[in-house]
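Novice: The primary structure of each chain is shown beneath.
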Amino acid sequence: MSEVVIDLPVLDPDSKPFWESCRRHEMALQRCAACGQFRFPPRVTCPHCLSEEYTWTPVRGRGTVYTFVTFHHVYHKAWADKAPYNVSMIELEEGPRLWSNVVGIAPEEVTVGMPVEIFYEDVTDEVALPKFRPAGR
Amino acid sequence: MASRLKGKFAIVGVGETKLGKLPDWTTLGLHLDAIKRAVEDAGLKIQDVDGLVTNQPLEDTHRSYAVRVAHAAGINPTYATDLALGGATPCAMVQHAVMAIDAGLCKTVVCVHARKQATRHQTPTRGQPLRDGEEDFEEPFGLYGAVVNHAMAARRHMFEYGTKSEDLAEIAVATRGHACLNPAATMRKPITVADHQGSRWIVEPLRLLDCCLVSDGGGAVVVTSAARAKDLRRPAVYVLGFGQHHPHFSLLEARSLTTLGGKVSAERAFKMAGLRPSDMHFAEIYDCFTITTLITLEDYGFCKKGEGKDWVKNGRIALGGELPVNTHGGLLSQAHIEGMLHVTEAVRQLRWDDVEPERQAKECRYGVVSGHGAALSMHATLVLGREPA
Ligand SMILES: [Zn+2]
Numbered sequence: 001m002s003e004v005v006i007d008l009p010v011l012d013p014d015s016k017p018f019w020e021s022c023r024r025h026e027m028a029l030q031r032c033a034a035c036g037q038f039r040f041p042p043r044v045t046c047p048h049c050l051s052e053e054y055t056w057t058p059v060r061g062r063g064t065v066y067t068f069v070t071f072h073h074v075y076h077k078a079w080a081d082k083a084p085y086n087v088s089m090i091e092l093e094e095g096p097r098l099w100s101n102v103v104g105i106a107p108e109e110v111t112v113g114m115p116v117e118i119f120y121e122d123v124t125d126e127v128a129l130p131k132f133r134p135a136g137r
Numbered sequence: 001m002a003s004r005l006k007g008k009f010a011i012v013g014v015g016e017t018k019l020g021k022l023p024d025w026t027t028l029g030l031h032l033d034a035i036k037r038a039v040e041d042a043g044l045k046i047q048d049v050d051g052l053v054t055n056q057p058l059e060d061t062h063r064s065y066a067v068r069v070a071h072a073a074g075i076n077p078t079y080a081t082d083l084a085l086g087g088a089t090p091c092a093m094v095q096h097a098v099m100a101i102d103a104g105l106c107k108t109v110v111c112v113h114a115r116k117q118a119t120r121h122q123t124p125t126r127g128q129p130l131r132d133g134e135e136d137f138e139e140p141f142g143l144y145g146a147v148v149n150h151a152m153a154a155r156r157h158m159f160e161y162g163t164k165s166e167d168l169a170e171i172a173v174a175t176r177g178h179a180c181l182n183p184a185a186t187m188r189k190p191i192t193v194a195d196h197q198g199s200r201w202i203v204e205p206l207r208l209l210d211c212c213l214v215s216d217g218g219g220a221v222v223v224t225s226a227a228r229a230k231d232l233r234r235p236a237v238y239v240l241g242f243g244q245h246h247p248h249f250s251l252l253e254a255r256s257l258t259t260l261g262g263k264v265s266a267e268r269a270f271k272m273a274g275l276r277p278s279d280m281h282f283a284e285i286y287d288c289f290t291i292t293t294l295i296t297l298e299d300y301g302f303c304k305k306g307e308g309k310d311w312v313k314n315g316r317i318a319l320g321g322e323l324p325v326n327t328h329g330g331l332l333s334q335a336h337i338e339g340m341l342h343v344t345e346a347v348r349q350l351r352w353d354d355v356e357p358e359r360q361a362k363e364c365r366y367g368v369v370s371g372h373g374a375a376l377s378m379h380a381t382l383v384l385g386r387e388p389a
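Protein chains in written order, with my numbering: chain A, 1 to 137; chain B, 1 to 389.
Heads up, some of the hints might be wrong.
As the list claims (entries may be wrong) - To give an idea of the interface, some chain B residues facing chain A are shown, with a C-beta separation under 7 Å as derived from the structure:
#	residue
1	L105
2	G142
3	Y144
4	R155
5	C303
6	E307
7	W311
It is worth saying that the hints were derived from the structure and are not from the lab.
Glycine residues also receive a C-beta, built at the ideal position from the N, C-alpha and C atoms.
Go ahead and model the full structure; you've got the sequences and the hints to work with.
Specialist: Here it is as structure tokens:
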């Protein structure tokens with residue numbers, strides 16, 4: 001793989017199963033065994049009912065753009081040749097929202113509410129990043 | 001419930017350091033200078049102070065911050081604490097001071113905040129901002145900085161209510177107009193809507209002129225009981241109402257991106273004060289970005305949700321208008337001391353003899369101050385008045 005210069009996640013006991021599921025290209029999120037709700041970011045208790053019982057449950061990888069921005073300012077040199085680039089808050093069908101990039105479309109063509117679907121970008125042997133593109137393209 | 005405390009406590013001293021780029025000052029030095037100015041303004045000696053509330057500066061963190069600063073200043077406190085509510089901290093500090101005095105822990109409290117964000121100490125152990133713990137889910141996607149969260153909210157506000165970048169420009173222009181009247185402000189050149197629209201995107205839909213300054217400096221206030229306040233050098237400014245609300249931490253889990261903690265926080269503060277938004281003669285609204293001012297004005301009930309874009313126009317939020325907002329120039333154009341100067345400015349306005357005559361909100365008796373922090377996640381409110389009731 002090419003030299004990685006972007007900041008990568010540090011896997012901890014809470015987040016490791018999430019990142020491992022992305023590495024397998026089948027994202028799974030914690031789903032509460034007591035109340036059935038999904039949650040993200042990962043943690044040991046359910047924010048809806050405080051249960052510690054949960055399963056890592058695969059999600060479909062479909063959702064919509066809840067809101068988005070276009071980064072023009074470069075905060076980190078790894079992104080210098082990508083600016084202007086999209087960062088979106090993706091609302092998954094299962095409920096939770098996560099940060100990602102909508103790619104395969106010009107930043108100015110992204111809209112709030114746009115349906116998107118997941119794909120994975122292998123970055124290292126340990127990390128694949130969940131990214132999104134317009135659904136059905 | 002809390003209305004038992006209405007008007008029983010007062011701000012009796014305020015102080016601000018020099019502002020801007022201050023490479024010759026340490027963070028601690030700025031704290032001490034702010035404390036000295038506020039204590040002397042109150043006509044007190046440092047030995048009269050027995051409580052201290054600090055806000056550990058993100059860029060220069062130390063253990064046990066409040067006690068370190070207390071003893072550096074010569075305060076021997078029976079109450080000391082360090083609050084970490086971001087830009088909501090200054091309003092929350094005054095609330096803690098009131099609670100501590102009411103509980104009998106101390107009699108006179110200094111609340112202080114200073115920072116060196118513009119000229120940081122760049123050594124391995126200094127100048128590394130604290131992280132918030134969410135970065136593992138942000139940085140791999142190129143999400144960095146404080147602008148992005150507010151840009152996300154701005155985009156959502158635009159989607160839900162049709163707000164435009166040109167509407168946000170009105171806030172930047174009005175705020176700069178006030179800074180032009182304030183000799184202590186960093187940015188004193190007038191700007192127009194066209195200047196705003198011509199400024200570059202930072203994180204679209206926010207432009208450079210939607211963003212606050214990066215500053216060095218500090219401010220402090222002295223809080224004591226209304227009874228003790230009567231004998232002091234300067235007119236007391238009374239704490240009539242306060243509130244807080246912190247509706248999420250990660251923006252991913254926000255219930256809304258366009259109605260924030262300000263709604264509940266202000267409802268509680270106005271209820272405690274027995275006042276309505278329309279009773280306010282000015283507002284010092286935390287303005288890390290123009291969108292923050294807009295959302296807060298709506299959340300506080302000055303206008304309906306979504307109507308802020310028109311409400312802020314035609315001079316309404318300028319001095320001389322219906323509700324002067326950020327009479328000092330705010331974080332956008334005076335300096336960014338995380339809202340500490342919103343509190344000191346509100347006190348000076350209510351004294352009537354403490355700001356340049358052209359910057360005075362005429363015959364103001366009530367003012368509201370907002371504080372807002374982190375990923376639009378924390379909020380605190382103060383309602384202040386010239387009289388205790
Ligand atoms: Zn649950």
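Novice: Find the hints from earlier in the document that the structure breaks and name them by number, from lowest to highest.
Specialist: Violated hints (numbers, rising): 1, 5, 6, 7; every other hint is consistent with the structure.
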